[in-house]
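Using the sequences and the hints, build the whole thing.
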Amino acid sequence: MKQFLPTIKLVDICKKSNGSLILKNINLEIPNKALYVVLGPPRSGKSALGRIIAGLDTPDTGRILFDDQDVTNLGPVERNVSMVFQDFALYPHLTAFDNIASPLRKLKLLKEEIRKRVLEVAEYLKISHRLTHYPSELSGGEKQRVAIARALVKGAQIIILDEPFIRLDLKIREDMRAELYRLQKDVGVNIILLSSDPIDAMVFSENIAFMQNGEIVQVGNLTELYDDPKNISVARYIGVIEMNFIPAKITQENNRKVLDTEIGKMALPTIPQLLEDEILIGIRPEHIHIGEEDVPSHAGNIFTFEGRVKIAEVIGSETIVHLDVGLAEPIRVLVPTIYKKNPGEVLKATFNMRDLYFFDVSGRFICRGGDILG
Amino acid sequence: MDDSYVEVVTSLVSIFLDKITKIFKKGKTSIIAVKDVTLEIPEKTFVGLLGPSGCGKTTTLRIIAGLEKPSSGRVYFGDVDVTDWDASKRNVAMVFQFPALYPTLSVYDNIAIPLRASKVSEQDIRRQVLEVSEFLGIKDYLNEKASKLDINLRQKVAIAKVMVRDPSVFILDEPLTVVEPKARLELRAKLKEIQLKLGKSMIYVSHDQSEVMTLSDKIAVMNNGEVLQYDTPENLYNKPRNTFVGWFIGNPGMNFIDCELTEESGRVYLTTAEGFKYDVSFLPNIYDIASSYRKVIFGIRPEHIALSSRGVRVKCLHIERFGSMMILHVEAYGRKIRAKVPQTSQVKVGDEIYIDFNKEKIMLFDPETGKAII
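Those sequence lines, one after another, are chains C and W. Plus 299 on top of the position in the first sequence (first one is 1) and you've got the working numbering. Plus 1 on top of the position in the second sequence (first one is 1) and you've got the working numbering.
Note that these hints are calculated values from the structure, not bench results. Just so you know, these numbers come straight off a predicted model, no measurement behind them. Treat the hints with care, since some could be wrong.
[Stated by the list, open to error] DSS-like mimics (lysine-lysine), calculated; alpha carbons at most 25 Å apart, straight line:
#1 W/337 to C/484
#2 W/372 to W/362
#3 W/140 to W/193
#4 C/425 to W/316
#5 C/484 to W/316
#6 W/349 to W/296
#7 W/198 to W/183
#8 W/191 to C/639
#9 C/640 to W/362
#10 C/640 to W/240
[As the list claims (entries may be wrong)] Among the chain W residues that face chain C by a calculated CB cut under 10 Å, a handful are:
#11 152
#12 238
#13 239
#14 303
The beta-carbon is built from N, C-alpha and C at its ideal position, and this holds for glycine as well.
Shown next as structure tokens:
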């Protein structure tokens, strides 16, 4: 198949809607032949951004470049961008073939031409053997391929998927995501995934832009966003289970600096200058260990606390134990096994202070525990 | 009110579904929604009905509630055959995905309605409404109109409304699907508390394994109208009775490889035409199994696969992050499998690595029926 897969450059994009700024000075470069995730909470501006890339809306200010060509004033067809909305809506009364052919029929192409193009794209997406089937007879992954084939057959070079999994059963999503990843790798098409589900960042971890309140907050791969979040919002959103936050204060005790928190005092050998008096510490649920598990090494840096089980949430192969420690919110602990505990039970939990995240009161990320503890 | 009704309400209640089948006729075609389901729900237990969309779980629930009549089979509440009883007579409390409230009435009046209907004194009503709203944390909203509340609060009111009724059994159909994540967790904990406190049975329908695994004493996993396994969450995870349960439970689900059992110089191997070969002579009764089954499905959970210096050579295609673990998508002799290994493992996409299986966790299934052999 002929392909022209451009890199996309957004320059100083602003967009107002109903008087409020929904995109605030967006600058972003999206590499080609990649699966790019734009992640953010609902109403953070993801769809608005998607529509502007697709050419469905025009920005108030700023430019959109495909490679070096300015496409700001081109429509979706001229840009060869296709936007696919929730759950890959296919026509239920049409076969896979006719679903893929539907955009071509509107162009009034010859029957043979339509057939040739559909077969070509079907071959490319490895669904040739399913073309006579109706959507209800297709697996989730196959439906996804048909929807993408329908976009490609029109000549789309960039496909924008807007919350494609949100209305699907959780179990179906598991396979759909793995399929989408493979599909993108196989055919190398440009896919932009707009999502509010942090799991999409866990699966499509190579290129992520995190959006909030109409702004791009941080761009990077998963490791960068996970280990080095720009602020509390990124830290909170990027993770399988939300990070725990505990207010803390730096105090002096016997000539040593001590981190005084609501769950106990932590002795730190050095505290960097840039740490303020009042800070917030963050600890991820997967970095806290409960009871019977092996306590990791570096025992000197281990902090122990107690909490009362609020609920033990079994999420499949793992359990999230919510421990009430007297804070406004319970501390979440991710236990890697099925761990049934009754509410009210008191458990001992530990974490390595190297795994802590430090934030200033404004929510800006300062450093990790490991940076201080060496 | 007849006598049998009173008796059922006061002595309640275990539920027994005896060979329930439900067929829906749609034009000339008939759809079997529920197929020969036999299920015993002891009193004071929390039972989950779990399965994908269209598996028959909601129909089963509606049959218990009396909202649908089974095509064949009987429904018992205790010793009483209630198959022909109306929903109102069964005194079942129902909570649905979308809370059913009177929008123009206050929260107080919404909760009080069932009590007023049963002619409780206003003083008693007041006491009960206050008690239940205190428990659910909606005391501050009693004078608000139901239509003014957000979805989280509305669902709490819907739960309060059924709690004060002193029902024989609680029935909940995906009650937390539309509730926001934070409130969802709080309500999950509350539901469990309600069930323990009131000592009633609760039947809970969901497609989300974490919802039912967290709350349930026993779970019926359904697919295509049938109950495939009715068991504790731990047993569903550790001893799935068939491939569907193995796949549906777990995060992600179990891996399956179609294999042949090959005997070679006194040992038994799992083999595939593509060259996969794994010695399973250590499995109990494997020689007997090998003499009755030539083909088997080999099942292993992702978390029961480890990296090793020898074993099965695979290629890593994709890495997802999951807490302190990572999910490796690997290709082994043309088969795609997932392995869940610690985040600290040194693996990159494209690497050739060796994996091994936890010998105690290997399962074999009959390819004809999907049922577990061992």
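Which constraints among the numbered hints does this structure fail? Numbers only, ascending.
The structure conflicts with hints 6 and 11, although it agrees with all the remaining ones.
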